[in-house]
Structures are given as structure tokens and as C-alpha cells.
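Enquirer: Residue-level listing of the chains:
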Amino acid sequence: MQFLDQPLEFTALPGALAAFHATADEAGLVAFASQVKQSGRRFIALWGSDERDRNAGFALHVAFGIGAGLALVTLPLSAENPEYPDLAAIFPAANRMQRTAYDLLGIRARSGPEHDGRPWLRHANWPADFFPLRRDTDSSLQFDTCNEEYAFVRVEGDGVHEIPVGPIHAGIIEPGQFRFSVVGEKVLRLEQRMGWKHKGIEKRFEQLPLADAYRLAGRVSGDSTVAYAWAYSLAAESLTGCTPPPRALWLRALLLERERIANHLGDLGYLGNDAALSFGLSQFMRLREDWLRLSGALFGHRLLMNSIVPGGVAHNLPAEGGAQILAQCDSIEREVRILKDIYDEHAGLQDRFLTTGRLAPALAAELSVSGLVGRASSQTWDLRTQNPIAPYDQFDTQIVTHRNGDVAARVTVRFEEVFESLRLTRLILAQLAEQPAGELATRLPAAEDGAFGVGWIEGWRGDILVALTAGTAGGIRRCHCHDPSWRIWPALEHAVMGNIVPDFPLINKSFNLSYCGEDL
Amino acid sequence: MYQLLKQIFVTGLKTETPPLPDEAMRVIGQRLEQAILDKLGRALVIRHIDAGSCNGCELEIHALGNPYYNLEALGIKFAASPRHADLLLVTGPVAKNMQVALQRAYDATPAPKLVVAVGDCGCHDGGTAESACIFGESYASCGKVANVIPVDVAVPGCPPTPLTLMQGILTAICGAKA
Ligand code: SF4
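Top line first, the protein sequences correspond to chains A and B.
The numbers in this note's numbering rise by one with no breaks, and the one at position 45 of the first sequence is 45.
The numbers in this note's numbering rise by one with no breaks, and the one at position 33 of the second sequence is 33.
Calculated from the structure, these hints are not laboratory results.
Be aware that a few hints might be false.
What the hints assert, rightly or not - Here are a few chain A residues that face chain B, going by a calculated C-beta distance under 7 Å:
{"#": "1", "residue": "P119"}
{"#": "2", "residue": "H123"}
{"#": "3", "residue": "I172"}
{"#": "4", "residue": "K197"}
{"#": "5", "residue": "G200"}
{"#": "6", "residue": "E289"}
{"#": "7", "residue": "C516"}
Every residue gets a Cβ at the ideal spot worked out from N, C-alpha and C, and that includes glycine.
Given the sequences, and given the hints that come with them, work out the whole structure.
Expert: Shown next as C-alpha cells:
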């Protein structure tokens, strides 16, 4: 089948998700990517793989979101000279992914005038000719650590100075490096340097059994453990042809919405706190704690880790659980509405929120921003509505959007998404009450060597993608996990421009992106 | 304003009783003299360092500040600089890219200092055990925190619950009674 009037011939991948795969040559890939851009569809991810042991060279994989679902295009690269056209010229968001693909695999985007050849994940702690994801690389090797200067872009002029921040930040936050160029209090430019938390997750996958690695997928970014585990399971189920029992699907949706609410509650508290209303922090953190305690009591884990497994779910909802969740939904909803009124009417808070850290809708589109941050800037993408997999195909999820793209908009989207997820939770519980008790998981059949599957799930932060290739003897050949933060971090660099330095923590919190999800 | 005050009043006091120290978490025999620990008492300043976690451990460290655990009420608070800290609370595994930063933060912390390693990743080696560090050691990961800086108390769990975390911190400052 063909999409967007392009000659590329796609085949549908098996499984619950609408996903399609095509192999292209350079011209075909570039033409398709350009068409995706022109037609207002979106770029999702870019990664590579080493196929030299299979009588081929390397391969570049690019994922696009095209109305009908996920379109995946593979470009074969030669073993001797693995180069490909620079896609960052079409989608700026591809820049960091291309640099990462080089650091991990040694496949290179062909340099154009705008080409950025700086390393991304490799901070000189392993040699420049050591490519961990090549299949013949011994990844257990350890090298002397060294600290390398990074070529930050310098802003020059009268009165410009730099504020270097990180990698260790002042607070309980993940490490990353920010370089501010400022005049007085005003930020002229922010440049990020990430990769500090890179711990070789993608290589680690290759050492784990396919049936067990959902635990690792659930720890790519712990705050999105449910979404990652579901995306991984979806990929594993797609490539083995496994269908989870219906009850398990309803339970998965229940867990995913619980995760969304837990994170939004925490963020709403911290957003109040960063605008000097510590009352908001204690109130929302109390609600979050109540929420996590019930998760722990019902599912055995406060953050719901290890709850979703390939083939189904690990735990049933205990008999009294439904009633407990319903009661909690009511009390949380009541309290969050009170807190929303307090936030809305608090002049000091609104003064800090409104017009701060604005990400204009056009820029959000140009940078391929999706998820919560995208929705607060008019990017109407939500997989639960647009490419729903069971059980989301059984009800209409309201997409919450806003046009202003400022901190206030991101706060509003969070509030509204909490209410929507509470509504969905009630619907899900009603369905669960009607489902027969039955099986919680289907046994995952053995995977064929080389079988390929993808999972794509709307986590609380945005859409999470897992692309999985099975290896020999129940192993994994390649697993790429993709966090929406990849595409949203660069947008933060733009959103802070022209704001004052003291507003950066607030703006950053309103984005609340994952460092480890991108560093892998 | 009325709504805000009413909400505070209706919420009331939520703080629960803190847990007792747990000697099983101690990694190396007490390094600080009892006299120093007594001086620290419970007025302790913590610097948190994420050396490569999955951010799950951070979520539970955040929870320590909520009204239920209310760590500050015990006189324990978090500081922004290692130079102001008595104790480093380190989550891991230590990513290779963070090794130098962690070492520098440790060196910048004035002696006498304590280190508490957090989470299965921060406390355990890689391997196949249920409680092993799931990321293992590799070209990119130095493994547990003790591979890079000396650790006094290890708080396992994936992630440890806020109560276990509190227990670990209290164990570090209470000193061995034996
Ligand atoms: S111990 Fe668990 S929660 Fe903590 S960093 Fe490791 S995987 Fe994440």
C-alpha cells in the first residue's frame, strides 16, 4: 500500500497497532519525509542498526506519524561508507538523533552547510572509533574516563555573559548541562548538552531474553514505566502474534491513566512551588501520595513498575479495588477542583504563569513537538484518540489543547487532562466490572529470529515508541526505545528566549522532560 | 484567600511517625566518630546526586518532602551545593559520563561526610538476581555507587519506598549502637 501519494510500497505490520513498513532508497526516503512535512504529518524518531552479519551493511530507520498510523521507512546503508542524507534539513528534531546514531553505530548524516557533527552521547569516555551498537563490539570494555570540552555556540556582543549550569543541578533533578547566554537578566540563548545519563540501555537489551526485557523497558524513564512497558509489550506481541486477553487490556488502560494522573498531580504541585506558592506543593504532593499508596496497595508497586508484561498484565484488580479507586477518584476530583480555583484566582501565580516561556504553535510544529507540551501549543496529537489501540478504541478520549503555549497553558492542559483521565478511569472500571474474571496474560509464543514489531503508546508526557527485533534463541537483536523528550527538549531552548533567568526553573518544570529517556 | 486558608484548615496535619534506623543497611562499619554524629544530631543537610538513575528513585526522594513524611520536620533538609552538605544521597548506576561529576561533588563536600547509595541500581552489581542493577556494568556504566566513591549506607529497592529511604538516612546519622 502507498501513503501521501508517494511511490513507497508499505506492508502492514501484524498486531494491534496500525503500523506500516517500507524499504526505500535515499531519494525515496527524502521525498517521503518532505511530503510528511508538507502535509502537516509528523516526524517521530530516527535510529540505526547493524546488519553486516546478515549479508548487508547498516540500516537507518525513520518513523513518521501519518494519520493512518505509524509509517516506518528503512534505508539500507553500505558497510564501507554508511552515510545517509541529512534529514535535519527537513526536520530539525532529527539533529540529536543523527548525532546519536553516529556515536552508537558510526553511521553518518552527509554533511551539508548546516550540518552539526558534534558528538551527542559520547562525552569522550570511550574512544571515537568504538561504536557500542555494532554487533562485533565488545560492550563490556571499560575505558578511562575523561572530561571533554564541548563546543557550545558562543554569543558575543556588548554585555553578553554566560551562565554554565550542570551537569549536577541544584535540586532533586536529573543531570544535564545548560549554557545560558544572557544580557542582564534576559536570556538570549540557551544551549543544552545531554547524554550524561547514558548507561548503554540499547546494548543491554541485546543481553536480555525478549520475554523478560519489559523490566528494562519499564526503566528507560521511571516516571513513564507503564507507558514504556506497554509499548514494549505491544512490540513483543506484534512480532510473536500474541493477543492479550481483553481483561488485561482494560487493566493496562487503567494503569496508564493512573500513571498520567500521578505525574500531573506532582507537576501541578511543583509548578505552584516554582511560582512561590508552596501551599500548592504540599497539597498536590499529599494527593499524589494518596494516589501512589492506593496503587501500591492494589498493584504491589507505588509507581506500577513490572505491572504490564508481554502477553498481558501481572496483577488483577483485587475484589474491593474497583470501589476503592472510584471513591478515590471522587475525592481527588473534588480536591483538584478546589485547588484549580485557588490557582486560577491567585493573582501572583497567574502573573508568573501567563505569557512566560511561550512556545508558539508554528514553532512547535516545525520542531515536531508532540505530547502534553505540544497540545498546549495547538499540536492536536493524542494517540489515544487518533490511533487508538484496544481498549481506547471503545470510547472517545477528549484531546485537551490550548493555543497560548505558555506556562499557564501547560498548567491548564494538566488540570484538564487529570479530569479527563478520571473520567476515563470510571469508564474503564465499569467495563472491568462486566468482564469475566478469566486469564490475565496469554503465553508469549517463541519469536522467530529477525521478527520485527513496534509499540506506540501515549504516555503522560507524549508518545513513546519501541521498535523491537527478535534475535536467536529467545533473545533480542535490537531494541530502540524512543522518548518524546527527544523532540521537546530543543523546543525548550526556544521557549526560554527573551525570558528572565529566574523564570527558567518554572518554564523547565512546565515542560518536565525526561533526561534519562533521551540519554538511554 | 479564604479558599486557600480553608483548604489548609480542612487538610489538617498529615505527618506520620518516622521509622527507626535499620542496621542491616550499613555497608561499611561506622566511619564517623560517635561524637561527630551526635553533633550533627538530626540537623542534617543532604545533597542529592543523580548519577544515572531511571528517575524512579528521584520520584520517591521527592515524596520525602510531602506532608506525610515531612523530612524537614526532623531537621533534615536538601541543599543546592555539595559544599553545604553533610550527606550525599546518590542514585545510580553511575553512568560513565557522570563519573567525574560525582567524584568532584564528593571531593567538594566538606569532611566529615556521609554517603547513602539509593536503589538497587545504586547498591547492587549487575547480574540476573531479582535485586541486581538492571543496567549492569558496561562501556557506559560504572555500576553501583561504591565502585566510584565510598558508601556508608545502602538503601535497596526499585525504587525504595519513602519510608525505607528515611530509614536509610536515619541509619547513616544515628551511628552503630553496638
Ligand atoms: S533502583 Fe529502580 S527506580 Fe531506582 S534508578 Fe534503578 S531502576 Fe530506577
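Enquirer: If a hint holds in the structure, say so; if it does not, say that too.
Expert: For each hint, the structure was consulted:
1. P119: Violated - the Cβ of P119 of chain A stays beyond 7 Å from chain B, reaching only about 11 Å at its closest.
2. H123: 5 Å, holds
3. I172: Constraint on I172 of chain A satisfied, holds at 5 Å.
4. K197: Cβ of K197 of chain A sits 5 Å from chain B, so the hint holds.
5. G200: Holds, about 4 Å.
6. E289: 5 Å, holds
7. C516: 5 Å, holds
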